[in-house]
Amino acid sequence: MSFGPVDRRSFLSGGAGAFICTLAGQKIVSDGPEPDLVALSGGIEVPPKVRAAKWRQLPIAAEPEPAPGGQKREYWIVATQARWNIVPTKRDEMMNKKISDKAKFSGYFYREYTENFGAPKGRVSMPGPVLEAETGDTIVVNFRNDLKVPVTMHPHGVHYTPEMDGAYKGKHTDPGGFVQPGKTFRYVWDCREGTEGVWPYHDHGPLDPMPLYKGLFGFLNIRKKGEPRPDVEHYLVFHSLLTASTGLARGFQCINGRAYTGNTPELRAKVGQRVAQYVTAMGNDFHTYHLHGHRWKSAGGRVVDNETVGPADMLTVEFVEDNPGRWFYHCHVFSHLHEGMSGWYIVEP
Amino acid sequence: MSFGPVDRRSFLSGGAGAFICTLAGQKIVSDGPEPDLVALSGGIEVPPKVRAAKWRQLPIAAEPEPAPGGQKREYWIVATQARWNIVPTKRDEMMNKKISDKAKFSGYFYREYTENFGAPKGRVSMPGPVLEAETGDTIVVNFRNDLKVPVTMHPHGVHYTPEMDGAYKGKHTDPGGFVQPGKTFRYVWDCREGTEGVWPYHDHGPLDPMPLYKGLFGFLNIRKKGEPRPDVEHYLVFHSLLTASTGLARGFQCINGRAYTGNTPELRAKVGQRVAQYVTAMGNDFHTYHLHGHRWKSAGGRVVDNETVGPADMLTVEFVEDNPGRWFYHCHVFSHLHEGMSGWYIVEP
Amino acid sequence: MSFGPVDRRSFLSGGAGAFICTLAGQKIVSDGPEPDLVALSGGIEVPPKVRAAKWRQLPIAAEPEPAPGGQKREYWIVATQARWNIVPTKRDEMMNKKISDKAKFSGYFYREYTENFGAPKGRVSMPGPVLEAETGDTIVVNFRNDLKVPVTMHPHGVHYTPEMDGAYKGKHTDPGGFVQPGKTFRYVWDCREGTEGVWPYHDHGPLDPMPLYKGLFGFLNIRKKGEPRPDVEHYLVFHSLLTASTGLARGFQCINGRAYTGNTPELRAKVGQRVAQYVTAMGNDFHTYHLHGHRWKSAGGRVVDNETVGPADMLTVEFVEDNPGRWFYHCHVFSHLHEGMSGWYIVEP
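Chains as they are written, first to last, in the numbering used here: chain F, 1 to 349; chain Y, 350 to 698; chain E, 699 to 1047.
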């Protein structure tokens, strides 16, 4: 199977040349050339508050404190670049076929380090590390940018002041919204009552959304204090890796950076376990999440086995496992399914 | 009105050449040539468990039994091919115009037969027959494949073992996931407590999703035992019939296999009746369901008159009829509406 | 930044030449030439009941009366044409860049007048005026069409007879579904118990959806009688202004007729205020609504900060303001965000 210039025109969201964004005057389309982000970022004016920042004196004085009884959950996260293989097995086990397209590229990653940026914890991953807390805690992220372009961490769901939202805002941008190469920023987020849930975090810097399209996303999990944990938790990001973000000849519809069954996460559980699955979407596409052989209650209380997940929506699926076997989970948009968005869920008796 | 090669480029999901799937190495796009599925299926390896299957000895020994007081609801379903007319009136009554495009093609259908495949019950239809049960029952489908290609029946919502999920799983495929031409498979599905609701079923075989795109879908209705039935029930599938699945010069946005008001189902009810409408979507597109002159409570309890339905999502609309007249129901995505996705709902006083 | 013929092909929903509708035999695509609606409307047959209408004798005799204690809320609305600037500041404050594309066009507007069409109340706007009532009231809209093409007002959510639904229905069309240029129609809508909520209204006439794509949409707000009002209410329509509806060289993804932060509505609130935001989508696209630094309860009761809004869906967001600062609200579909669908939300302490 090969994809010539005509073939790949029709892949992915919106088909040929689907618009993604315009950065520093350059229009970027889904199947177009990969832009040189380092060169592009040179054309972006550094906002006044960022220029004036005394990075070594950050954090700002008044950071939110945990509620009485709460904790400061401190993380060391580095944005880094690494090679990544979208289809390591070179096969699609759903359709039992070879995937011979080139699938390695240089991705961007949020990588967790031990205290004081001592050493990386494990390998790079998409999504990045799950940042956990309980209601009443704060999450402190010491974020170092080892990339050659400015990036950020923008959290969903938690409470934060505008300085801590990690969003580029043109000339209103704070340092946390434009973390320059080599700099470290300390984000402090308030996990107060009412922020419970699982939430995405992602880059929202001046090159938005290109660094995210290369892998800069992850999850926060804010547990309601005292609530029992599920026995098993699965974190899934439905997203695409496009020609424009990888430089590859074609795009892929991915789950956690991998495409096709056998490459995407092989989820596991045992009968009797309380299972929670957290699904978000990152990109331009809408998806539906379907799991074979299972059903759950929607937020509104209806029994379902398939739900819509729009960009940055968070779907939480909870059930007690009662059905052993080898099952599929997948996006029920057929073109996404057939571009790689499916995987195994294996339940032991 | 005619659609030349340039015109039809812009029709339907994702526009020109939108990707659907790759089957046996052949890429299939929305407005591309109709693939020869019989030839394609020849290139698909028969999975080991399917090759080894003793079809005459099926069912497997241990099929689930109904709960105490429950019943075995037995159906005889044949997958068959038949001519189908998407626009039988050759008119769109919404826009009061002639639809002169060719609209007949050879579709695939699930067709219900009397006991032991005695005789067909009524004409072919999209969707296929509604398979009904109550919680505590099992549904037994004696499924015979009269097509020239392998197909299956994959149910949503009900409980089933992996052998009964009707899904092609590459080399892990069970016989029920690859029902060969001429063979009969006995699916048994467990409608236990917690599976209540209306659910789609559809092909999920090795040619997925092409047989579905030709018409292989239907509904299960699992009623909570003892709950009163609605007075009127409407079953609606929002889907597209694409050039690639019909061989016609253009695609259509359909409801139950028909396009344009006057061809799509003419729904009916009377004032005072308890009406239930079940809407699903099958394909790559997201839709919204809108009904004029009426409103209902969403699953979350909000009063609505328009709801999003993603691929394989199930929307249940319930209300007591209070508004006589001639009304429209339609998808509120304008391009879908104007490609055929609307119909009459007629309420008598 | 400029957009040549190649560039603009990839803009907006479905990319190049995305289908919108076929009117009077003419196919209209997103980035195609703007059709001459006046000429097109000449080719549309005037339906029998419209031809026979004695416009001066309208309203029809039996119009619904308010419930005991309810009121008749009477509005005078004129459909009118006016110049409109999509990007008045010529800048995008989110990405800190100049938007030099031509952005003025001749839009269609619902404009409120004082009693008996005395004088316009304020300037034209997208959306048109918010029509307010309480449950138990009726809303009476005296609607005069000053455009050169037939248009209507079709309400969502409220109760109305088929004569009052403002929908073109081919040869079944009532006068309110085809309000001819220069004519006045009196719509009466029943805001009975169970219709509470915020709802869109929009054109649904014989040129559907082109007049809507030029600006003919607005909101109804039916408050539950006796319920306290929120302190602040924001009304947002996520929609696109396409080449085909503006005649401009490119399309824009808009909020309330404007594109890009600094042009879209600058929403405001103060800490402690009860804020309600009402978001709908009008067009072919699905969107997600995301607000930085805030979260709310979904209809189903889950804490969220991002929700899907399909065409004509209504999203209601309610929270007590607790977070001062300069925030973004935006669609989280990145291509929409980067084509203009974002804005400021400014919270004072």
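Treat the hints as calculated values from the structure; they're not laboratory data.
This structure is a prediction, so every number in the text was calculated from the model and none was measured.
By construction, the Cβ of each residue, glycine as well, lies at the ideal position given by its N, Cα and C atoms.
Some hints here could point you the wrong way.
Pulled a few chain Y residues facing chain F out of the computed Cβ check, cut under 8 Å [as the list claims (entries may be wrong)]:
(1) PHE368
(2) CYS370
(3) HIS508
(4) ASP514
(5) ALA625
(6) PHE635
(7) PRO660
Within a straight-line C-alpha distance of at most 25 Å, the following computed SDA-like cross-link-like pairs (lysine to any residue) qualify [said to hold, decoys possible]:
(8) Y/LYS446 x E/SER798
(9) E/LYS725 x E/LEU738
(10) Y/LYS520 x F/LEU40
(11) F/LYS297 x Y/LYS446
(12) Y/LYS451 x E/ASN783
(13) F/LYS297 x Y/LYS398
(14) F/LYS297 x Y/LYS574
(15) Y/LYS446 x E/GLY868
(16) Y/LYS497 x Y/PHE466
(17) F/LYS27 x E/ASN783
(18) Y/LYS646 x E/PRO762
(19) F/LYS90 x Y/ALA373
(20) Y/LYS398 x F/ILE99
(21) E/LYS968 x F/GLU65
(22) E/LYS795 x F/GLU65
(23) F/LYS297 x Y/PRO511
(24) Y/LYS646 x E/HIS857
- Message: For a C-alpha distance cap of 25 Å, please report whether F/LYS297 and Y/LYS398 respect it.
- Response: The hint is violated at about 34 Å.
- Query: Per the CB criterion, is Y/CYS370 less than 8 Å away from chain F?
  - Reply: Hint on Y/CYS370: holds, closest Cβ of chain F at ~4 Å, below 8 Å.
- Hinted pair F/LYS90 and Y/ALA373, Cα distance within 25 Å: 16 Å, holds
- Verify the proposed pairing of Y/LYS451 with E/ASN783, using a straight-line Cα cut of 25 Å. 43 Å, violated
- Is E/LYS725 close enough to E/LEU738, meaning Cα to Cα at most 25 Å? 11 Å, holds
- Message: Would the hint linking F/LYS297 and Y/PRO511 be met if the CA-CA limit is 25 Å?
- Response: Holds, because 22 Å separates the two Cα atoms, which is no more than 25 Å.
- For the pair supplied as a hint, Y/LYS646 and E/HIS857, confirm whether the alpha-carbon distance does not exceed 25 Å. 15 Å, holds
- Query: Is it true that the CA of F/LYS297 sits at most 25 Å from the CA of Y/LYS446?
  - Reply: Status violated; Cα separation ~44 Å.
- Query: Would the hint on Y/PHE368 stand, with a C-beta cut-off of 8 Å toward chain F?
  - Reply: 5 Å, holds
- Message: For Y/LYS446 and E/GLY868, compute the direct alpha-carbon distance and say whether it is at most 25 Å.
- Response: The given pair, whose Cα atoms are some 8 Å apart, holds under the 25 Å limit.
- Query: Is E/LYS795 within 25 Å of F/GLU65, Cα to Cα?
  - Reply: This hinted pair is violated, its Cα atoms lying about 37 Å apart.
- Hinted pair Y/LYS398 and F/ILE99, Cα distance within 25 Å: With Cα atoms ~24 Å apart, Y/LYS398 and F/ILE99 stay inside 25 Å; holds.
Against the hints set out earlier in the document, violations occur for numbers 5, 8, 10, 11, 12, 13 and 22.
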